[in-house]
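If you want the building blocks of each chain, they are given just below.
Number of protein chains: 2
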Amino acid sequence: MSDSLSKSSTNRSVVLLAGGVGGAKMAEGLAGLGNVDLTVIGNVADDDEFHGLWVSPDIDTLTYSLSGRINRQQGWGVADEALRGLSVLKELGEETWMTLGDRDLGLHIYRSSRLRKGHARQAIADDISRAFGACCRIVLSTEDVVQTRVKTEAGWMSFQEYFVREHCAPEVLELSYRGLDVAAPNPAALDAIANADVIVIAPSNPLVSIEPILSIAGMRTAIAGAKAARIAVCPFVNGKAIKGPADRMMVSLGFEATVGAVARRYAGIADTLLINTSDRAFCGDVKSAGLCAVACNIVMTSLEDKVALARTVLATALSSEACGVVP
Amino acid sequence: MSDSLSKSSTNRSVVLLAGGVGGAKMAEGLAGLGNVDLTVIGNVADDDEFHGLWVSPDIDTLTYSLSGRINRQQGWGVADEALRGLSVLKELGEETWMTLGDRDLGLHIYRSSRLRKGHARQAIADDISRAFGACCRIVLSTEDVVQTRVKTEAGWMSFQEYFVREHCAPEVLELSYRGLDVAAPNPAALDAIANADVIVIAPSNPLVSIEPILSIAGMRTAIAGAKAARIAVCPFVNGKAIKGPADRMMVSLGFEATVGAVARRYAGIADTLLINTSDRAFCGDVKSAGLCAVACNIVMTSLEDKVALARTVLATALSSEACGVVP
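In order, the protein sequence lines correspond to chains B and V.
Counting in my numbering, the first sequence runs from 13 upward without gaps.
Counting in my numbering, the second sequence runs from 13 upward without gaps.
Be careful, since some hints might not be right.
Intra- or inter-copy, both count: the list cannot distinguish identical chains.
Said to hold, decoys possible - Derived EDC-like pairs (lysine to aspartate or glutamate); straight-line CA-CA distance at most 16 Å: (1) Lys299 / Asp209; (2) Lys129 / Glu106; (3) Lys239 / Glu186; (4) Lys239 / Asp203; (5) Lys102 / Glu316; (6) Lys102 / Glu183; (7) Lys163 / Glu103; (8) Lys102 / Asp139; (9) Lys255 / Asp138; (10) Lys255 / Asp49; (11) Lys102 / Asp60.
These are calculated hints, taken from the structure and not from any lab test.
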């Protein structure tokens, strides 16, 4: 409560680069601080079309989370959801491994209808956020279509095919990002980066959530040249992803699922890497990559965890203290 | 039961021209006879797009009815329905006066997706009927888009705007059928008509359900020249429509809501008009229009009513008896 009471002209402009579930948790924490003007730059590279509707899983998870609609048990999807529409699509012979609830379909119908009318993706996202009462701005990384493709032994597939249909079971042999070479950064994202006091990289999958944001032309340069303090939160604890396949993906693609590997990926993009207390022995690896390492509890379960981590993120980014362990 | 036991090589080929609710009741009755190969030619002129999805209310009412999915209380829509998707569309600022349930949206998503892929409307309808287990073939009047437009004091509007949004309250000053001048008849409809033993015109709205079928180029000629016995069921009882605005519409457009006016509309298209027993005093008006009049109970409430009326329809059409009252 004291945080929200302290909301004032001293609000910090914070930009968060985020994927879906992990990104949304970090966003909720930052939004919960109250003294922050938060802009979340969301990943669109897991977008896909289902049944002729455009689905934007990471953006929707952010929107649902930041408007208090998220299904808390799942971490994705909407609360009070049902599957009547999908059950009919299944009867009609459609592939229905992508679980799209009835409320969720309402959102996809709306977005798809507006996209077909030629409306800009960011304008649509803003209208959705406003209607849902999201507590901060969600900015798409690009207005263009960028789609992560995953190569496994069975060949190339879409990210959702790998993630949802195949339950991340196959080994990932290669990643590509369709459309990335021609995608332009969303001007709203570049604006937010240029004006940020703090840029935070969420503990999202570095390869399929953060990489497709950073690799949009101009984005890495904008972050590298930003006046903001820049801090990343490590998605790995003890060599394992907090959620999802990021650890196995890093390993199968020749990286490591370690704080050092994350630091090397974010060198030049982040000044500091926040790692879990249990990984504090690896602070040296982070420093070798040129980042400052700070250790604290980075696992977010409750809203209190999220806000506490957000507070540490902000304090660490804004402090000029030496690297170390936050009690 | 005896009807279905008598299913054999002596099955009659019956074609029903039908709108929505009234047409579906007649179709259920005919299908319930068991000794009939039924093809329903459905009206597409109340089709419209909502939220970027193509909705086909009459065809869907037929499909839901003939596959046992209809909401029996309403006479339209699906049983076990909910409105989660529509509630989200409403939150997002969409007009949601067209009540589209979650299961219903599933169907519209499917149809719209296939239409965008360029699939033929009849092929889509056949696949839906097959998947839902519809008990007879539902044939669209045309593959083309035909849309009834309604002129009221407030100006021209779509049929669904008049019917659902305005609850049929405004006086209808004029009707037009967008696309009718260039619409081609569905070959499957012409085939069914050419091969029918009996052609039945359902007690649907003559102006907005039957007229847009009959007025498709070639359709009236095909029915006029068919070898089939042709019989219409009057949609009016005692000068009132059994359901819907057909009576007021007939009157405001300069016709009458009478058995005589119906007979005059169907002259050359039907040989016999089945009217309600309570209207038997007006048999002369039917005969003056050149049709044979037969009176019986034409109000369908229960499935028994529907099957009983269907039995009379068939027996009357196939008999060479004089006009009269069926006990």
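Going down the list of hints, with the structure as the test:
no.: 1; hint: Lys299 / Asp209; in the structure: neither (23 Å within a copy, 88 Å between copies)
no.: 2; hint: Lys129 / Glu106; in the structure: between (25 Å within a copy, 14 Å between copies)
no.: 3; hint: Lys239 / Glu186; in the structure: neither (34 Å within a copy, 67 Å between copies)
no.: 4; hint: Lys239 / Asp203; in the structure: within (12 Å within a copy, 74 Å between copies)
no.: 5; hint: Lys102 / Glu316; in the structure: neither (40 Å within a copy, 33 Å between copies)
no.: 6; hint: Lys102 / Glu183; in the structure: neither (28 Å within a copy, 43 Å between copies)
no.: 7; hint: Lys163 / Glu103; in the structure: neither (30 Å within a copy, 39 Å between copies)
no.: 8; hint: Lys102 / Asp139; in the structure: between (31 Å within a copy, 13 Å between copies)
no.: 9; hint: Lys255 / Asp138; in the structure: neither (28 Å within a copy, 44 Å between copies)
no.: 10; hint: Lys255 / Asp49; in the structure: neither (27 Å within a copy, 58 Å between copies)
no.: 11; hint: Lys102 / Asp60; in the structure: neither (18 Å within a copy, 24 Å between copies)
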